[in-house]
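Construct all of the structure, not just a fragment, from the sequences and the given hints.
Protein chains in written order, with this note's numbering: chain B, 1 to 317; chain H, 318 to 590.
Please note that a few of the clues may not be correct.
With a straight-line Cα cutoff of 25 Å, these simulated SDA-like cross-link-like pairs (lysine to any residue) come out [said to hold, decoys possible]: (1) K311/B to S439/H; (2) K455/H to I216/B; (3) K311/B to S488/H; (4) K438/H to R201/B; (5) K432/H to F224/B; (6) K311/B to N481/H; (7) K438/H to R312/B; (8) K432/H to Q213/B; (9) K438/H to R211/B; (10) K438/H to R310/B; (11) K438/H to A199/B; (12) K438/H to F212/B; (13) K438/H to I114/B; (14) K59/B to T294/B; (15) K455/H to F212/B; (16) K432/H to R201/B; (17) K432/H to E121/B; (18) K438/H to I216/B; (19) K455/H to R217/B; (20) K432/H to A195/B.
Hints in this document: simulated from the structure, not taken from any laboratory. Here the structure is a predicted model, which is why all the values come from computation and not from measurement.
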Amino acid sequence: MTSISLADRIDAVPEHFVSDRLARRKLRNIKERIIELVLFLAASVSVATTIGIVLILLKESFVFFQQVSLWDFLTDSQWTPLFSDAHYGIMPLLSGTLVSSTVALLVAIPLGTIIAIYLSEFAPFAVREIAKPFLELLGGIPTIVYGYFALLFVTPLLQMIFPELPGFNLLSAGLVMGIMIIPYVSSVSEDAMRAVPMALREGSYAMGATRFQTAIRVVTPAAFSGIAAAYILGISRAVGETMILAVAAGMQPNLTWNPLEPAATITAYIVQVALGDLPHGSIGYQTIFAAGLTLALMTLFFNVLGHILRKRFRQVY
Amino acid sequence: MVGTPIPEIASVAAAATSPVPAKKSESKRLSFYYGSFNALKNISMPIYEKKVTALIGPSGCGKSTYLRCFNRMHDLYPGNRYEGQIMLYPDNTNLLNPDVDPIEVRMRISMVFQKPNPFPKSIYENVAYGLRVRGERKRALLDDKVEEALRGAALWEEVKDRLNDLAFNLSGGQQQRLCIARALATNPEFLLFDEPTSALDPIATANIEQLLADLKEKVTILIVTHNMQQAARVSDYTAYMYLGELIEFNETDTIFIKPGHKQTEDYITGRFG
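As structure tokens, then:
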């Protein structure tokens, strides 16, 4: 018996043979299209917003840099855009941001990591269930409250140790900002540690390791990519924090690396100008976009760094 | 419980051909509970020195649970409870005694897991881990022990030029041999294997089986396996478990050729399980 090839048989079927039950459902296809479009539009909101912000920052900064050279912006040691003798050096603001962030991270990274290790590896179930919501509450307190806490409680406390500490200073604001960032660091780190498979911990215990040895020598390195991401998140948060610094660190641009002095940060300056009554389009008004662009670039840098660290140290289990 | 006589299972083995070797360990009326679930029921069985004892049985029969009693792995989770005794010889000590430190137990009774679980460290540091957690810092001694353990696990020739590479870069079979080397580095007297080849391909499996045969010259081995051919190939003694009970324990040849229980025979011949 000679066999007929499949192609021959399909060709042999006349077109009208497609029964009603198998015909394409036009209405269904249109519905699917509409749903897809709605989902796409929802997703594009975030992308469009980001692009919009970057475009405006770039455009306004471009206007600014037509009047002030980039070299002056980066090297001038004074930031006095509102004075008659105007200087546009970003360094005083940058130093304020870096010093306050460093103080904050010196608090948040060690404490956040220790808390994460405790909650993930040591805490009994009941303790974890109580401690975690409290910790997360720390991140829910409005930053303006932290700001007054720094100004009216922590600064007087610090003045007992450093009697000549001014009322506005980077140290107090930085310390409180560190406390605010702890939950960001600890909760992401803890999630990363909890995600380390039990098999690795068992392997360590089976070698006669203690709980502490297991936590430090096995779990922490295994969760490193997640912990690094937590640190980067904390850094971004510190660099971008505004209210605490505006309230407690003073608004005076001051090129200093000493946390005991008052200083303005990039964010505090932006608040100051944005709330003031500078005429739209004046050079003074334009400065906040240049400052904002600097801030955005810093945050972008840390985010990219975090991304690279995550990829570089990602463990596949 | 103390007063009740222990069923003398050794006499069963004595009835067989070869002379009875010394016991390395022995569970006496061992029961185990996960919370209220009774996972092991009254298991009494010897583990002979420098022999391979295989635990076989269908999934959920408690063979892994039994194995993990020997290095007190169950202590890691709350709600677990042991009853009865696991004697370790020549110490003549009950491993389940509350005064016995599980960390000390694990230093003498090492374990290799079902899935290779190397640490996120270099090959060298993986093998040195057990010595490091014991506080060993002397580089020369660590070097010697790492090499000895890797040779013992038949991995030295493959990795000697890249000891500082991450362990994750090894193949699955190599990772498992690395885990065996890690377990050997501290000179344990007793090794527990929990289905060590279930995640490996046939060639890697054959390598590990060969390794088991070499290792039993020096150490006592207790191995859980899903694979009955493997039990027949590598073990000297076999225990068949079912629903948390020990159905039969005997020399492997006897179990596979002339099992004493109908149920064992059904399982071995594949009619059940």
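Verification of the hints:
Distance hint between K311/B and S439/H is fulfilled; the C-alpha atoms sit about 18 Å from each other, no more than 25 Å. Restraint check: the Cα-Cα separation between K455/H and I216/B comes to about 21 Å, which is no more than 25 Å; the hinted pair holds. For the hint pairing K311/B with S488/H, the CA-to-CA distance comes to about 21 Å; that is within 25 Å, so the pair holds. Of the supplied pair hints, the one linking K438/H and R201/B holds, its CA atoms being roughly 14 Å apart against a limit of 25 Å.
Restraint check for K432/H and F224/B: satisfied, since their Cα atoms lie roughly 22 Å apart, inside the 25 Å limit. For the hint pairing K311/B with N481/H, the CA-to-CA distance comes to about 20 Å; that is within 25 Å, so the pair holds. For a cut-off of 25 Å, the pair hint linking K438/H to R312/B stands: about 14 Å separates their Cα positions. Among the hinted pairs, K432/H with Q213/B is consistent with the structure: their alpha-carbon atoms are about 22 Å apart, no more than 25 Å.
For the suggested pair K438/H and R211/B, the alpha carbons sit about 18 Å apart, so the restraint of at most 25 Å is met. Taking the CA atoms of K438/H and R310/B, the gap is near 17 Å; set against the 25 Å cutoff, the hint holds. Of the pairs offered as hints, the one joining K438/H and A199/B holds, with about 15 Å between alpha carbons and a cut-off of 25 Å not exceeded. Distance check on the hinted pair: K438/H and F212/B sit about 17 Å apart at the alpha-carbon level, within 25 Å; holds.
With a CA separation close to 22 Å, the supplied pair K438/H and I114/B stays within the 25 Å bound. Of the supplied pair hints, the one linking K59/B and T294/B holds, its CA atoms being roughly 14 Å apart against a limit of 25 Å. A C-alpha spacing of about 22 Å is found between K455/H and F212/B, which places the hinted pair at or below 25 Å, so the restraint holds. Restraint check for K432/H and R201/B: satisfied, since their Cα atoms lie roughly 13 Å apart, inside the 25 Å limit.
Distance hint between K432/H and E121/B is fulfilled; the C-alpha atoms sit about 22 Å from each other, no more than 25 Å. Straight-line distance between C-alpha atoms of K438/H and I216/B comes to about 13 Å, which keeps the hinted pair within the 25 Å bound. Distance restraint check for K455/H and R217/B: the Cα-Cα separation of roughly 18 Å lies within the 25 Å cut-off, and the hinted pair is therefore satisfied. A distance of roughly 17 Å separates the Cα atoms of K432/H and A195/B; the hinted pair therefore holds under the 25 Å criterion.
In this structure, every one of the numbered hints holds.
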